[in-house]
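**Student:** Could you build the full structure based on these sequences and the hints that come with them?
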Amino acid sequence: MSTLTWHEVGAYAIAAFIYLAHLVGLRRSAVTGGQIMLGVGVALHFADIGVRCYHGTTPISSTPEAMSFAAFLVAGVYLLTSLRYKLTAAGAFAVPAVVALILLARLAPAEASVPTMGRLGQAHILLATLGVAVFAFAAVLAIVYLFQDRSLKRKQLDRAEAVGTPLETLDRLAHRCVSIGFPVFTLAIVTGAIWVARLGLLHGHGTLRPEYLIAVGTWIAFAVLIIARVGAGWRGRRAAWLTLGGFGGTALVVAAYFIRHAA
Amino acid sequence: MAGANIDLLLVGVSHRTAPVAVRERLAVEPDAVAAALAELTAIGPVREAAMLATCNRVELYVAVDDPDRAAAGLAEVLARRAGVAVGDLAEHLYQHRDAAALRHLFRVASSLDSLVVGEPQILGQTKQAYEAAVQHGTAGAVLRTCFEEGAFRVARRVRRETAIARNPVSVSSVAVDFARQVVGDFARRHVLIVGAGKMSELAARTLRTHGATLTVINRTRARAEELAKRFGADVADWNDLRGALIAADIVIASTGAQRPVLTLDLIKEVRKARRGRQLCLLDIGVPRDVDPAAGELADIYLFDIDALQHQASAHRAEREEEAAEAETVVEEELARFVKRWRSRQLGPMVSALQAHFQTIARAEVQRVSGGVDEKEKKARLDLVEGAIKKLLHLPMTALREADPDEVLSLVQAAQRLFSLSPVAAVPAEDAPAVNAEKKATGS
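Chains C and D, in that order, are what the protein sequence lines are. The opening residue of the first sequence carries number 308 in the numbering used here; numbering runs sequentially from there. The opening residue of the second sequence carries number 6 in the numbering used here; numbering runs sequentially from there.
Honestly, the hints are just simulated from the structure, not real lab data. Quantities reported herein were computed from a predicted structural model and do not represent experimental measurements. Where a beta carbon is used, it is the ideal one built from N, C-alpha and C, also for glycine. Watch out, some of these pointers could steer you wrong.
Said to hold, decoys possible - Below, simulated DSSO-like cross-link-like pairs (lysine-lysine); rule was C-alpha separation at most 27 Å, straight line:
(1) C:LYS462 x D:LYS394
(2) C:LYS462 x D:LYS273
(3) C:LYS460 x D:LYS277
To be verified - Far from chain C, some chain D residues (derived; all Cβ distances over 10 Å):
(4) GLU34
(5) VAL121
(6) ARG185
(7) GLY189
(8) VAL240
(9) TRP243
(10) GLY281
(11) GLN316
(12) ALA319
(13) ASP387
(14) LYS395
**Tutor:** As structure tokens, then:
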């Protein structure tokens, strides 16, 4: 890892520590420090991506680069959203996830085989990365929703205040993320399907690869979530679980792709 | 911290020393404050006066020349206002002087002496009391320093550095906080008040001030209309309870009915029609107005009186713990204040002493410098002044670092030894208008 990458990971790690400490009772004033460190991390990360692009490695040139880019998007979206809404508890989940994602991307062995990209492949990776990042943020909000729901059902006001974000806000933001992520993810699936069909990889060894099935399953889960919300008023806890399930699916697809190409 | 020599005297009654029957007799209407302050400053030794009058205390903070005579005069004024004999009021009165009075003021402004420790109103009331004194010309340098540089600063620090006021301790405030964690911002939220209990009134008022829209529903429509008029709320017909529940974001229930008015079946029906929208039910009635099983339903958040009271008690206990930390802040600030006050007292004396020595030095240099040029004369003057500075350094340091109990006698000794005229800690231009009048009338 480059010095710049280590510095960005360091800044993110300090921010993650502050957010986690806040969740377990550290004073509120420290959260501003968390936001500042996160801002520093995002800025360094942006510079890191810029330097890599300058050297010919774009965010969509490989799975590790895409993962790092997704981490950057999650951190950036969280930072911007937290300026508008009180999302401190979400930081305790989002920022450590960002650190983990960068470390995984940077410390994992280089990909053994990179399929021929072409414009279609690049479009697919870019859309998939954006979709995964938005779903990851929705999943973080869903986790916080479930925590908040539990605290309020148990009438623990102090815990609910430590989480800090009202249920209704969490539900609304998560829905907004899913609504944005879904069309992006749909396009990612379509471009991906055409891309692998052109490469003749759709049926790897005579059978349909499992990650493609998981991707379709994930797409269906999010489609159900959106339709059920509009049609049957699915919100709150049910929507949170379905969002987590959907994100779990996308994470599995990314993991399967990552492992296959690292092997 | 005796001997700080702050000239501050406090005489008063509070919820700790006097029952409400006594306190209410001492209550002062806002438009009578000017007359009351004038009455206080008419007492001979009182130079400055401020009066803090709330439902839990009536306290007179005065800057005085003769504390014993002033205390007796203030007790007489209070007794006259209460319409009782001085002896009858004496058992309820307390008085503090000097640093003790200042400590009391700091504790009051920081809400450490309040009935509900950490309550936020007292700081505002203390500010109002001081501003009234400023407005009516009865506050001068002593009160300005004690309130502005002391009490308000301490209160701000206590709030900033301790959690004494962080969490609410009243049931209605806790209810509002629970609701905030469910629905967030109250602006344009619909609050349904079921029944017309006193507790629901308090919570509803708070929600109303945050921009919520209120609707009152009651079995007796006339009672609902009466309550709605007080809040500026709408009224819903009891027969449309289901519809009103579907439209609401927050429900405050307090009916006095013997059985739950909001039954499990009704809530289930409402929940279905709400299509997943979260509903916050604040049941502050006894007996309970909402079937407790409703709280188990998804998207329904029920907080009954037990939950609210439990949380309020927990917060009260937290405040008591934080109060110990706040007391430390008060003591630190008191020590800082007294130190600054002493250095202000010493300042004029130090200047007078230096001026005294310099005058002598200049005269002596002048005497022995006949026929020497200006350059030589200046060099001699610099030499002597340098020697004076060095000679005065040790005694001045000793004065600054002297024990508070000693400092006044040391100052007096220095004044006597070097024939310096006594100098006041308070600059003359800072004295309130009332003193000028007193001087003019010779009182």
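**Student:** Now tell me if each hint is right for this structure.
**Tutor:** Hint-by-hint comparison with the structure:
no.: 1; hint: C:LYS462 x D:LYS394; result: violated (70 Å)
no.: 2; hint: C:LYS462 x D:LYS273; result: holds (20 Å)
no.: 3; hint: C:LYS460 x D:LYS277; result: holds (19 Å)
no.: 4; hint: GLU34; result: holds (39 Å)
no.: 5; hint: VAL121; result: holds (18 Å)
no.: 6; hint: ARG185; result: violated (7 Å)
no.: 7; hint: GLY189; result: violated (3 Å)
no.: 8; hint: VAL240; result: holds (26 Å)
no.: 9; hint: TRP243; result: holds (27 Å)
no.: 10; hint: GLY281; result: violated (3 Å)
no.: 11; hint: GLN316; result: violated (5 Å)
no.: 12; hint: ALA319; result: violated (8 Å)
no.: 13; hint: ASP387; result: holds (52 Å)
no.: 14; hint: LYS395; result: holds (48 Å)
In this structure, the hints that do not hold are numbers 1, 6, 7, 10, 11 and 12, in rising order.
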